[in-house]
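Chemist: Put chain W with the ligand on the given structure of chain E with help from the hints.
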Amino acid sequence: MTCGQVRKRLSEYMDGELGVRPARALTGHLEACPSCGGRWRSLRTALEALAEAPRLEPREPIAARVLDRLEVESRGPGLALLFRPFWKTRPLIFPSLLPAAALLVVVLAAALALDRDAEPLPTVITRGAEWGPTGPSGTESNPLFLSSEVSAPRVRTAAPITADLMVALGEEPLFVETVVARDGSVSTVTLLDGDSQQAGPLLEALRRQRFEPGRRNGRPVAVSLYRLISRMEVRPPIT
Amino acid sequence: MAAGDIALRPAEALAGGASLERGLVEECCRGDAQAFARLVALHEGMVFNLAARLLGDAEEARDLAQEVFLQVYRTLGRFEGRSTLKTWIYRIVVNQCRNRRRWWRRRRKDRSRSLETLTRSEEERLAEGSGRMEGPDERVERRERARAVQSALQRLSFGHRAVLLLREVEGLSCEEIAAALALPEGTVKSRLSRARESLRRALTDGKEAAP
Ligand SMILES: [Zn+2]
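Those protein sequence lines, which keep their order, are chains E and W. Take 1 as the starting number for the first sequence in the numbering used here and just add one per residue. Take 1 as the starting number for the second sequence in the numbering used here and just add one per residue.
In short, the hints are calculated from the structure, not lab data. Since the structure is predicted, the reported quantities are computational estimates derived from the model, not experimental observations. Glycine included, C-beta positions come from ideal geometry on N, C-alpha and C. Wrong hints could be hidden among the right ones.
What the hints assert, rightly or not - Residues of chain W placed beyond 12 Å of chain E at every Cβ, according to the derived structure:
#, residue
1, Asn-49
2, Thr-75
3, Thr-84
4, Ala-152
Unchecked claim - EDC-like mimics (lysine to aspartate or glutamate), calculated; alpha carbons at most 20 Å apart, straight line:
#, chain 1, residue 1, chain 2, residue 2
5, W, Lys-86, W, Glu-176
6, W, Lys-86, E, Glu-57
7, W, Lys-86, W, Glu-175
8, W, Lys-86, W, Glu-197
9, W, Lys-86, W, Glu-141
10, W, Lys-86, W, Glu-21
11, E, Lys-8, W, Glu-185
12, E, Lys-8, W, Glu-197
13, W, Lys-86, W, Glu-138
Claimed, not checked - From chain E, some residues computed to sit far from chain W (all C-beta separations above 12 Å):
#, residue
14, Ser-42
15, Thr-45
16, Leu-56
17, Arg-156
18, Thr-157
19, Arg-182
20, Ser-185
21, Glu-212
One chain only, chain W, in its complex shape:
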């Protein structure tokens, strides 16, 4: 893009989404339980997937997702609509995951479950449950790939993992990531660059340098 070009966003889609969202938030704030259930249903897939990838543990992710939505519920009154609701929720997820990991490291070194095992079974369940027609070889390959990605992710630092997931899996722009993580956009970009390279290395020479 030439300097001075302005990227145009699909303004209508954004505006429609935003006003729908505002309506939902307002209903929730009036104490409408059904509206809140809708809000949770809309975002729970994203919250769970992100938490499971960040924590590397599906069970912890389930607990954490609950805490995330309780926090959303309690603090919804403070949501000012400066960011989208989704960005705001991303922020809560990442913060809670970061705190939980810190705590793990301090408290549960000895009796922590193997983080990979749980996620691995989750991966397998998914790989098998996918409706696509595929041969056994293809399925094994896909499962291996998914496993390799998860194990590579777990070898990155938390900060790198968070940026990568938000960008490559959730499809956020650097600007949105900056808003979600409360970081300057320049920091996000340089972190993203390093995180991508770390993942590439973890996936290419991962076979020799097992964790």
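Looking at chain E on its own, in the form it has when it is part of the complex:
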């Protein structure tokens, strides 16, 4: 074994993935060759230092903040969304879609009845997003999330977001879900968190955006994008 071969295989050697014979040859080389032996020791020291680095911990538990945000969504306009992933993708829990739809309506009605000042749902549903049976994944009614297999839609026509629109926003950021349809149009814009009255015109602007659709295996798919929008900055889609 040459030094070059040895160095290339140190990682496998470390993981015990070399066969018995190559491993023995490598051990022999490390004992005999000071240069490779030094390399091996410094590699181990480096990885030990990494493994021993203290685990960073959040100053306060994250669970409480996440639940707070879900609470906002379930009380507010995001209610429908909160239910959507479950009854749409888990038919076992809702064996028939009819009761599921009925349940949704009841919950919505109850929420509206409790709060007389409740605003209309700010969800802008244009098409293809009916509360019906789930389509195959990658269609508008069952969009995919970005991943290494799903490419991100690219903006073709930017949202006509004017300075006025941004100024109209309050201090609180908006958390918005956008579904980019297979033809590159925006099929749904849902306000997940934020003041729906102030957000209205902005949501409408987002709906007019046009995209080069996201793709999976080269074929256009509907993709769900999450965005945080605040007066200061527009964050990229969060997947």
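Modeler: This is chain W with the ligand only, laid out in the frame that chain E set:
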């Protein structure tokens, strides 16, 4: 290991963990907020540490951890149990960190905070808060080591950093990393080999070649 040997895993432990996990996921899917809180509490330490190491910024990591769990909540219905829940969460963390970094580079070049400073204070807090009895010298040394590791990590590419953290800190096998990153196992192994060497170099000649 001789060719043909099969590595046996502690099957019982795996099965028990998996069925517990499935139960928890099902409770979450039924809308049980407490079950979801348990799920978050179980994984938040891992999510935060991984995100902070990947991003090099504790504050961003805290934000990101929230987004990760919101995504987990919204997409839990699609979790099919082909991988473990943890592997699935690793994948979401790495994806979100990668996206966030891309965005940083485009938007916040000029007004980005020093990534190291925040993490450094975090490191110090931890080093000081550790309950172990140790002398001041030892503490300084430990802190220096932790700092050197963090700064070496930040000099690696994102892909190298992700593989290294999953392997050396989270203790995943190459097979699990392949599942979490949606990469072929062979790619993970060669990337891991290069990442280890990059870290070694960053830590050994890091003193001369400061960032
Ligand atoms: Zn040699």
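Chemist: If a hint holds in the structure, say so; if it doesn't, say that too.
Modeler: Okay, the hints, checked on the actual structure:
1. Asn-49: The claim is violated: Asn-49 (chain W) sits with its nearest Cβ about 5 Å from chain E, within 12 Å.
2. Thr-75: Violated, because the least Cβ-Cβ distance between Thr-75 (chain W) and chain E comes to about 6 Å, which does not exceed 12 Å.
3. Thr-84: holds, 17 Å
4. Ala-152: violated, 8 Å
5. W:Lys-86 with W:Glu-176: OK: Lys-86 (chain W) and Glu-176 (chain W) at ~10 Å, within 20 Å.
6. W:Lys-86 with E:Glu-57: holds, 18 Å
7. W:Lys-86 with W:Glu-175: Satisfied, since the Cα-Cα distance of roughly 14 Å is no more than 20 Å.
8. W:Lys-86 with W:Glu-197: Violated, at roughly 27 Å.
9. W:Lys-86 with W:Glu-141: violated, 33 Å
10. W:Lys-86 with W:Glu-21: holds, 10 Å
11. E:Lys-8 with W:Glu-185: This hinted pair holds, its Cα atoms lying about 17 Å apart.
12. E:Lys-8 with W:Glu-197: holds, 9 Å
13. W:Lys-86 with W:Glu-138: violated, 35 Å
14. Ser-42: For Ser-42 (chain E), whose nearest Cβ neighbour in chain W is about 5 Å away, the distance does not exceed 12 Å, so it is violated.
15. Thr-45: violated, 8 Å
16. Leu-56: violated, 4 Å
17. Arg-156: holds, 18 Å
18. Thr-157: holds, 20 Å
19. Arg-182: holds, 19 Å
20. Ser-185: holds, 22 Å
21. Glu-212: Given that every Cβ of chain W is farther than 12 Å from that of Glu-212 (chain E), nearest at about 17 Å, it holds.
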